[in-house]
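Could you build the full structure based on these sequences and the hints that come with them?
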Amino acid sequence: MLIKLTGGRIYDPAHNIDGRVMDIYVRDGRIVERPGDAETIDQEYDLRGKVVMAGAIDMHTHIGGGKVNIARLMLPEDHRASPAVHTDACRAGCGHAAPSTLTTGYRYAEMGYTAGFEPALSPVNARQSHLEMCDTPIIDKGGYAMIGSDDYFLRMLAAKQDQNAINDYVAWILHASQAIGIKVVNPGGINAFKFNQRALNLDEENIHYKVTPREVLQSLTRAVYELGIAHPLHVHGNNLGVPGNVETTLKTMGAVEGYPVHLTHIQFHSYGTEGDRKFSSGAAAVAEALNKHKNVSADVGQILFGQTVTASGDNMRQYANSGHGSPRKSVLMDIECDSGCGVVPFKYKDQNFVNALQWAIGLEIFLLTEDPWRIFLTTDHPNGAPFTSYPHLIRLLMDKGFRNDMFAKLNLDAQSMSTLTSIDREYSLYEIAIMTRAGAAKLVGLHDRGHLGIGAGADITVYTDNADREAMFAKPDYVFKDGQLVVRNGEVVKVTWGSTHTVKPEFDRGIEKDLKKYFDTYHTMNMENFKVSAAELEDDGRGHVIVQECKGRREKTA
Amino acid sequence: MTQSTNFPAGSIEAVAFPCEGLLSDDLLISRDADGNLSLQNSSCSKAAAFFERPRVASSPKIAGQPADLSSAIAKITELFGKSRHPLISGLATDVYGMRAVMNLAETAGATIDHMNSKSSMKNLLVMQNSGWYVTTLSEVKNRVDLLVVIGTDVVSYFPRFFERVIWNKEAMFTENTDAREVVYLGGRDINTEPGTSPSGRKPDVLPCDPDRIPEVLAALRAIISGKPFTATEVAGVATADLEKLAERLKAAKYSVIAWTGSALDFPHAELSIQTITGIVEHLNKTTRSAGLPLSGNDGDVTAYNVSTWISGYPFRSSYRRGYPDYDPYHYETSSLLKEGEVDVLIWINSFNPERLPPASKTPTVVIGHPAMQFEQPPEVFIPIAVPGLEASGAQFRSDSSVTLPLKKLRATELPTLGDVLSAIEAALKAA
Ligand SMILES: [Zn+2]
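If you read the protein sequences in the order shown, they are chains A and B.
Each residue of the first sequence is one higher than the one before, counting from 1 in my numbering.
Each residue of the second sequence is one higher than the one before, counting from 1 in my numbering.
None of these hints come from the bench; they were simulated from the model.
Source: prediction; values computed, not measured.
Just so it is clear, CB atoms sit at the ideal spot from N, CA and C, and this is done for glycine as well.
Possibly wrong hints are sitting among the right ones.
[Stated by the list, open to error] Listed below are several chain A residues computed to face chain B (Cβ distance under 8 angstroms; list not exhaustive): (1) 74; (2) 92; (3) 125; (4) 131; (5) 196; (6) 329; (7) 523; (8) 536; (9) 540.
In structure tokens form, the structure reads like this:
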């Protein structure tokens, strides 16, 4: 099957293509060279005047695993308002803040997204995460394995084990949990909370292990780098949501000593303590630091107004926030000497001072950070807002007039605390394509996605250019997934099952001797059963496991 | 029965017991050349009964008469095809089986419910109404210093609970596990022997009539949260004893309060569970404490998890409107059958052959364990491969945080639940 996409305006930042009119050819799911004149084109799409990009990639979205399913279970009232009826192509489902897996896949595809990455895959819970993601149709997926508060790792650090041993453990976790990256949440803090510590600053010791978050960050950023994993350590820092946490965030950037690091939902970590209410924007300082530290990238975690649900591994902070839930309920857990979780429904209100300022802080970070290859478009779905609000967020970034109109409706005290209207920047289509395609693929380590070069997977989105960017990005004309037309005019026309992206760095399997002893002594499951096999993901015909290349183990530093 | 060469005599390690909520996966099973299994390393009689049950030849039956599989599927398709409101209940299966259940339910506009929903629902309602702070088995195993059990011996439902997570020899954060304190609060004449420490220290027992547990819990909560409480006893439990328990809970570093929905067998038990979680909430203001809801037998935790991720709702939900619809009071098996609201029932029961479908006038189809026997033969019976015995699979544990792989331990000619339900669904779509 040879497909020709004729005459579209192409935005492909991976190849420095900024709106050039070009033809694209697709064969067997891949983008191919222009075929010889003798070859028959099986199908042609006339894309003259249309905007063409690679399929979008959400590099941080909570779509599968224990806490997401708890959020679904907790929110029947939210689902009731958003039923998804059975159609010719799609099965029924429901949900707005925490949609069912099927609905999640359909809605992402309908917005032109072809991949999403679950950022908080708890290794003991990896099997569930993957089972859910495998039930999420059309899009590709993957997970970042969450460590750093697990007792095995903290025992290693406390015992001053050398970096090679840490690297082996990190690699073992990636294999066992079929993950593509490593995430740390409130480094060491989830564990400290189990010992009744209520906060943990960057240089504060866990009372049991005598280990600090700084040490956790240093050993893990280095492990990820030395194993040759493309995605830098994904960090949800200490003190999420705490006024004044901008200090922690700036220190965290320095703590990693030049190793690559990704700071996630940085909006929630960019708060100062100025003003009458002791809550202010730290966006300028954070953006300035991001501009300076080339080893640091971030996604924003923009908040948008309305009902959502917050779901995090950071049960220390979620416990602290549980009283602010709306509706007032929360599920909190300590989990398996591995991690924790906290799920708190939340309603962001534009007339609430703090919420309004959070909204402005997120946008300030987007607009003040200069390099679109190192800042990413997320709402930390569903923590800041459901992913279905991305087209609205894109309009806020691309349309200054619209942004300022929205700003004018906010809580007045918050308006007086923000410099947002003084920022003239409007994102271009090219920059949006970097943030949501080329940059995201590079950051996650998807070598054949996020671009439209020869050999790339044919994940392609076609839009009708429209000055109303929200309307434009909400309803693509066509979405192709691996060369198959899955969406037409913003509606799913064919359901496929995407693949799961992983990395499998080399490591010394000798580490299993000690791990087995640990499991047999302290755990309630067998080490062999902890490991998730690729076959388990591929059973039931729900897609394949793809192993993305690690560039190889780098020179060890000591 | 002869075995395929893929399953020679031998022994298999790290086998999980698939239909008990603790999902203990430390079992060593030996297999003879005929596929007979024996449990080698545990005294758990429930597990032995499950794995060692003699194999029986079983075939599909229509109205009690042997039939081939395709006729049986055709008969079910006919029943479903003319049904206005089908019910798929029982749901004792694993993740892969539940996926097929959800697909069929969506296609057929069916309602779903689980055989254990009466007890599970008590916990789910609390999660949906107020939430809670809970913990998981390995945390208990390594951290608990004070265990309070509400109204149950635990071991009737989970025989290895104390062996696995309380009296374990080594723990990361408890120097001497023998020093762990166990308190049984509420219930009458329960077996508290498993709560005795290895060195012989007896647990504390504060008994009361099961239906008065709500009052005792409310009193304990009042005392812990410093509300005035003047009575000298409640339901036969001395206030002084409750005060002592309150002090111990406040002094504990990591207390765990455990319950099972089944044992809290009185109206509105969800309110008592809320009282327990309220106690935990109060304790967490100054120290650490967590609840431990114990469930997961017959795959109920699997069923509500899979149903929730696919439809948004746990069981007691329905696709009859063309989209998922949840009503925990209405979509309940016995009342739907009694009121004649459903016109066909599929009863799915993979694990325990004794769990028969509820008696009713509604035409009933059973898809389940090959050893199931019926006094009143159902319209159709299809024996299936049991997950974790004759089919591989995945199952959720009681605490919902861990899902374990289930192993295929021997060959079988029988189809899986997924095979059967997919065939029915395909036939319905073709019709
Ligand atoms: Zn997140």
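Next on the checklist: Need the list of violated hint numbers for this structure, in ascending order.
Outcome noted: none
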